[in-house]
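Enquirer: Chain by chain, the residues run as shown.
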Amino acid sequence: MAKADLARAAFLFLPLVLLGLLVLPGRMRLRLPLSLVIAAVVALALPMLLPRGALTYLASFSTMAGIYAILCLGLNSQWGLTGHVNFGIAGFFAIGAFTSALVTTNMPQGALALYSQQAFGLGWPIIAGILTAGVVSAVAGFLISIPVLRLRTDFLAIATLGIAEVIRFIFQNERWLANGPQPMRGIPRPFDCVFTDPPCAWLPEGVARFVAPLAPRDYVYLYLVIVAIILAVIFVLLERISRSPWGRLQRAIRDEENSAAMSGKNVPLRRVESFVLGSFIMGVAGAVYAHYVVSIDYSHFNPLFATFIVWVMVMLGGSGNNKGAVLGAFAVWGVWSGAAFMIDVMSPALQAISPDLPSRGAYLRWMLVAVMLGLIVLFRPQGILEERKKVSDFM
Amino acid sequence: MAEILQEAPGRSDDRTTNERIMAALRSRPALGVALFLTLVVFWLLGQQQGASLSDLLSLTVWGVMLGGIIALGAIGLTLVYGVLKFPNFAHGELVTLGAYGALTISALLPAGPAMQPFSFGWELMAGLILSMPIVSLIALVVDRVLFRPLRLRFASLVLFAMASLAAAFFLRSAIYLVWGSDFLFYYPGRANPAIEMPLGIRVQADQLFVFGLAVVLVIITWFLLERTRMGKAMRATANNPDLAQVRGINTERVIAWTWILGASLAAAGGVMYGLASQLRPEMGFWLLLPMFAAAIVGGLGSPIGDIAGASIIGVAQQVSSSFLNPAYGPGVAFILLVIVLVLQPQGLFGQGGD
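Going down the list, the protein sequences come from chains C and W.
The numbers in the numbering used here rise by one with no breaks, and the one at position 129 of the first sequence is 129.
The numbers in the numbering used here rise by one with no breaks, and the one at position 242 of the second sequence is 1242.
Please keep in mind that the hints were generated in silico from the structure rather than gathered at the bench.
Everything numeric in this text was worked out from a predicted model, so none of it was measured.
The reader is advised that the hints may include incorrect statements.
A few chain C residues that don't get close to chain W, going by computed Cβ distances all over 10 Å [as the list claims (entries may be wrong)]:
1) Pro47
2) Pro108
3) Gly110
4) Ala111
5) Tyr115
6) Pro147
7) Ala159
8) Val194
9) Phe195
10) Ser259
11) Lys265
12) Asn266
13) Val267
14) Phe341
15) Met342
16) Gly374
Some but not every residue of chain W turned toward chain C, in silico, with C-beta under 10 Å [stated by the list, open to error]:
17) Tyr1081
18) Phe1089
19) Ser1156
20) Gly1180
21) Leu1184
22) Phe1292
Derived Cβ-Cβ restraints for the label pairs, each shown as a range [what the hints assert, rightly or not]:
23) Ser337(C) with Thr1104(W): 32 to 38 Å
24) Thr1104(W) with Ile384(C): 36 to 42 Å
25) Thr1104(W) with Ala128(C): 51 to 57 Å
Idealized CB from N, CA, C, for every residue including glycine.
Could you build all of it, start to finish, from the sequences and the hints given here?
Expert: Structure follows, in structure tokens:
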């Protein structure tokens, strides 16, 4: 086994353990050793079975799907838990991404400043950037929720759709804020010195020698680990929250708002709280996305990529079920990515129908996702995994 | 009995001053004043940025004309909302389909000379008229495939909204596939000089035509709703679907006619918007927010209110472009929407009480 393969396997190990914990049934005491063993075997086997390009593709696919899974968890804590219809996910995603970008980059200097403008650049560490992104997004969610959450569901849908558009317009048109229509570049990546030559000074000698065979283009393996950890933390927190008294109250408000209010619960405040919680998670997802793609602009946050597809993921996986949200994210992102290959293969056939079609093939993917949502709404509105109504094994 | 009657007005005065002020703020006149003040502030801001009076007047006139287009879409939204009780996010795509449909039809017809002083020939008028039934047909198919099964299952409002979002993205991707993502024009490169009007207002002949047609269509719609049997049935169904059904109204037929009317108006609005600016696949989505804003400002379910709301939104969007980047137009519509939602969610003319 080549040294490079072994290093890649080491990076794949932790995400696979977490996946095992998520998928395998049974008690924790049984699940943990089982998933440790399976993850070790699979992590060692994958680099040998797959060619390197395919393995890297798998890693970058899982990273993107993981980021979408964080977004899905955010939506699930609003829609699944309390029933908020947020059609403005793209807005909170964008706020998170741009906030973290602004907070962690430095002000452009010299000749670069002529091409790249931004309101401020604090150069904070990336973890601070991610947390700030969540907080700013949560504050935005709070401000928005005050006028909007008193209203009926349909008004909330219209208003959030509008908010996301306004936020996108701002990032598109305000040059001084985040370089206007041009992309904002040079967003730092966490620990990216691990793969450079020479590696970071703080890296222990042994580890540095272990990862030495890997090149900077293998960075995605490391980022997969980071995304997996953040996703796991948010997942566990949300699972705990949705089983806590607060989470049970949220579901009560969703199902029977009047009787919750009659039991003396402060319904408006609780609704605001869950909206803010979801906004925080979406902001974190935006930050994680920004540090992954390194260069962001307003077009990444259009309603299709950042709102519509997330709704399809949550609806497919199962509203109110966090496991379903993660499953939906991977499934829909798989269909979305697979459709790209399919359209490539079909391109001669499309050429025969009309010479313009192959260049517009990307829109076939939109259509596919739209059809998927239509079918879910018509035939299985509760999704693949239904919500677990039972919150405790003792009840 | 008499005591209770006497007591009733007294009890309503039991409110504290604070409560009374809040109630006054949330009344319809207050909303009207707030919207009017917003427009005045926009005017003053425009003047501060150095826009002359005639510029501002021109912008206001253009705003009323844009309002005509928005009103056509908003009436469709309101009708669907009233009869089917869900916000139709696919309405913007019906607007776009109308515009592109007329483009294709007019390209198939032999091109005539421009009808002076307008920039378009008879073939575009034919395209406008023919695209209305075509878009209606598409709306009916979408309803049959997507919304009718949900209706039969008494699905929740959220599922309807999701379904309409799916329909919106489906139709938009179809538009992208058929016509591509480039900007298109009905008559590329044809000059359309502005006419000088009193007070230095400059308006294109096409804009006047668009406004005139919008007024005619709105009047026809009002006539259909107020004076015909189907219009009465529509209003009855919007008011109380169960009662309407009990009284022997065929609700499925009413729903079909609602789609036909709404889609036809949307298609006409799309052609007019394409004539006033250009055709692009996102044009309907760009109009969706102003249309929703107009419908809510006017009061959902009230076609008269839609016209008032659309004029306010149109003027606000155009006048705001004197001091703000014009790209923020939908954002301005959104701000007005939020003002209305905070002060009086029933809008200017909506039926009171949930």
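Enquirer: Compare the structure with each hint and give your call.
Expert: So, going through the hints one by one against the coordinates:
1. Pro47: Holds, since 38 Å exceeds 10 Å.
2. Pro108: holds (23 Å)
3. Gly110: holds (29 Å)
4. Ala111: holds (27 Å)
5. Tyr115: holds (21 Å)
6. Pro147: violated (5 Å)
7. Ala159: violated (7 Å)
8. Val194: Fine: 40 Å to the nearest Cβ keeps Val194(C) off the interface.
9. Phe195: Its Cβ never comes within 10 Å of chain W, the nearest being 38 Å, so this holds.
10. Ser259: About 18 Å separates Ser259(C) from the closest Cβ of chain W, which puts it past 10 Å; holds.
11. Lys265: holds (21 Å)
12. Asn266: Non-interface label on Asn266(C) holds, nearest chain W Cβ at 20 Å vs cutoff 10 Å.
13. Val267: Per Cβ check, Val267(C) is outside 10 Å of chain W; nearest 16 Å; holds.
14. Phe341: With a cut-off of 10 Å, Phe341(C) remains clear of chain W, as the shortest Cβ separation is near 18 Å.
15. Met342: About 15 Å separates Met342(C) from the closest Cβ of chain W, which puts it past 10 Å; holds.
16. Gly374: violated (4 Å)
17. Tyr1081: holds (8 Å)
18. Phe1089: holds (8 Å)
19. Ser1156: Because about 8 Å separates Ser1156(W) from the closest Cβ in chain C, which is inside the 10 Å limit, the hint holds.
20. Gly1180: Holds, about 6 Å.
21. Leu1184: violated (13 Å)
22. Phe1292: holds (5 Å)
23. Ser337(C) with Thr1104(W): 32 to 38 Å: holds (33 Å)
24. Thr1104(W) with Ile384(C): 36 to 42 Å: Taking Cβ atoms as reference, Thr1104(W) and Ile384(C) lie about 41 Å apart, which means the hint holds.
25. Thr1104(W) with Ala128(C): 51 to 57 Å: holds (54 Å)
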